[in-house]
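Asker: So the protein sequences, as listed, match chains A and B.
Under the numbering used here, think of the first position of the first sequence as 121, with each following residue one higher.
Under the numbering used here, think of the first position of the second sequence as 149, with each following residue one higher.
Everything hinted at is true.
With the Cβ distance kept under 7 Å, some of the chain A side facing chain B (calculated, not the full set): (1) 343; (2) 385; (3) 401.
Which bits of chain B does chain A cover? Going by a derived footprint, with three or more residues having C-beta under 8 Å, they are: (4) 152-158; (5) 264-276.
In silico negatives: residues of chain B with every beta carbon more than 12 Å from chain A: (6) 204; (7) 205; (8) 214; (9) 216; (10) 220; (11) 222; (12) 225; (13) 234; (14) 235; (15) 236; (16) 240; (17) 243; (18) 244; (19) 246; (20) 306.
Hints were generated in silico from the structure; no laboratory data involved.
Even for Gly, the Cβ is constructed at its ideal location relative to N, Cα and C.
Residue strings, one per chain:
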Amino acid sequence: MTALDFTARARTSLRDSQLRRNIAKATSTIRAKTARVAGELPDWEALRDAGQAIKRQTMAELDRHLVALEASVTAAGGVVHWARDAAEARTIIVGLARQYQAGSVIKIKSMTTDEVELNPALSAAGITPYETDLADMIVQMAKEKPSHLLVPAIHKNRAEIRDLFLRELDPAAIPGGRLDADPSSLAKAARAHLRAKFLSTKVAISGANFAIAETGSVVIVESEGNGRMCLTLPDVLISIMGVEKVLPKWEHLEVFLQLLPRSATGERMNPYTSVWTGNRAAEARAGDGPQVFHLVLLDNGRSKILADEVTRDTLNCIRCSRCLNVCPVYERAGGHAYDSMYQGPIGAIVTPQLRGFEEAGSLPFASTLCGACQEACPVRIPIPNILTHLRAKVVAEKRQGLGALNGENLAMQAAKAMFDHPTLLAMALAAGRIGQAPLVRDGRVTHLPPPLSGWSLSRDFPALPPESFRDWWAKREPRS
Amino acid sequence: MNARDAILANIRSALAGSTPPVLPPFAYRRAGEMTGEELRARFLDRLADYNVHIVRLRNEAEIPAALADRLAANGATRYVAPADLPSAWRPAGVEALEEVDGAPLSHAQLEATPSVVTGCALAVAETGTVVLDAGSHQGRRALTLLPDHHVCVVFEHQLVETIPEALQNLIGAVRDGRPLTFFSGPSATADIEFDRVVGVHGPRRLDVLFVQGD
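The whole structure should be built from the sequences, with the hints applied where relevant.
Answerer: Pasting the structure below:
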């Protein structure tokens, strides 16, 4: 496990009261909206069933659907690339950007490009990446990390964003150097700042919400129109998607176009959804969209997640972020505590599986297992189940490794021996009744000495009674 | 082994031994049940919820006057028009910037024109969504993207109730390789404090001229 794990990072964010206020305000707003628009559909639960069933069916034959997608995208004039890992994805995309002589690229919000750390690789190659989603642009300008799947700048409030814009935006985007802190004025400044870039940049990079194997179509769901700009105006479009984003049939989209916006932003429908099929539009009529389309299919650990039947459902995620908004741990600890572009309950299962337990093994423990995430998930991912499964794997890995001699392991071994042998248990209880005396206050133990002090920091337990159940049972008068 | 074969081999070995689940019959609504009047009321209610300016018309003949009015209200003396925008819709005395095949308008020209007028492929009442499929009266995508004000003509007979009905109707366009744009109100963002504000990069004002009757 890393030196700085979830608990340590959460401790830092818990001390930031501004941050906690920002997150609590935003998540309570969105919880109310999503609950309302999900609740108004008479068939919401049936849609969730269908979403889960389609995703499970897709994953069970993922190889077949990817081969079909490759064929349909190619037939529509697109070029398909395959990337085993983040490094391969970076090499492919940087290579393409170079091939089209891009000095800069415009980007649509994409967690997959964050996952493969594309922006630093582009910068190192002398290609400037411009994030065009408002929140992504804020995070990029502030040189920070995203703190929420869907609204990555949720940790910042309007006043903080205003100050950032005054420092970082093109002065021409802020007439007179005066900028109000209301979201409307801030959005207007962002529009002015990015307009010239949309009109002049030749290469765009996007993720994908869905890709349809049957037709070769790719789908982007968005709000601001920065997506439409990137998908329509440049000459070259490069999209990257995790292999799990494929949907076998066009008709499956009708389920997810209902589940996603209502779960994500709490709207009946998001402002813009774009669907394109290769570069056929550009061929058919001059200038309708990019003349060149590349699609990069990324594995980067996904086939490993697929191999474990318990964790396989992790791949069903449609990145709506509803589980973050209902999670009591996320609401208090904030997104940065997860140290990943995938935060909250879904992050706690995705990140350790993508990056390994060595780096992210503390995340499956960042949950109270209250189950709110599973109840909210539009595709019914059994997140608590997967969390406990991963916890067991983390512990098993530690037991095998050099960490076998750590205190927790030794304590557990001792406990196992004790519970296996009645005599040992009786002796331990007798010793405990004497030893606990200095720790008991009003019948409860509230503080334990190190190394157990961490455990008792937020937990009390009742003092051992003067007589154990076994002693009482042995002493009692026989009835008959 | 190349990356493609390696990924496919990994997926196949990951799936080896597990049986694909059987897809159960779906219980969600794939067709609407509303009558004409309910459908119309629902659509207009949803549009209003997105801050769309709605003009209700009794027939196609009322389009030019309504258009002239909406363009004037937005200070537009010119508008972008797809080449096949019906002449029966066009208001007299307002200059239309034509998109003619073979001579596309430049991004700068589109950017400098305040309004665009189009028809649509269909509209969805339950979500207040209008869909463009690069078909009749719509032009290519950039036309409806760069002008700041979009006036869209929607006929009552183009309404469907649900998203599944809309997608069933659009499969033909998709198979033809035509791009689709779904829009539900003007551009918006909730990126600052999850507080929804209207008007970012896409058109900041959306008017729908709703023509009643079949």
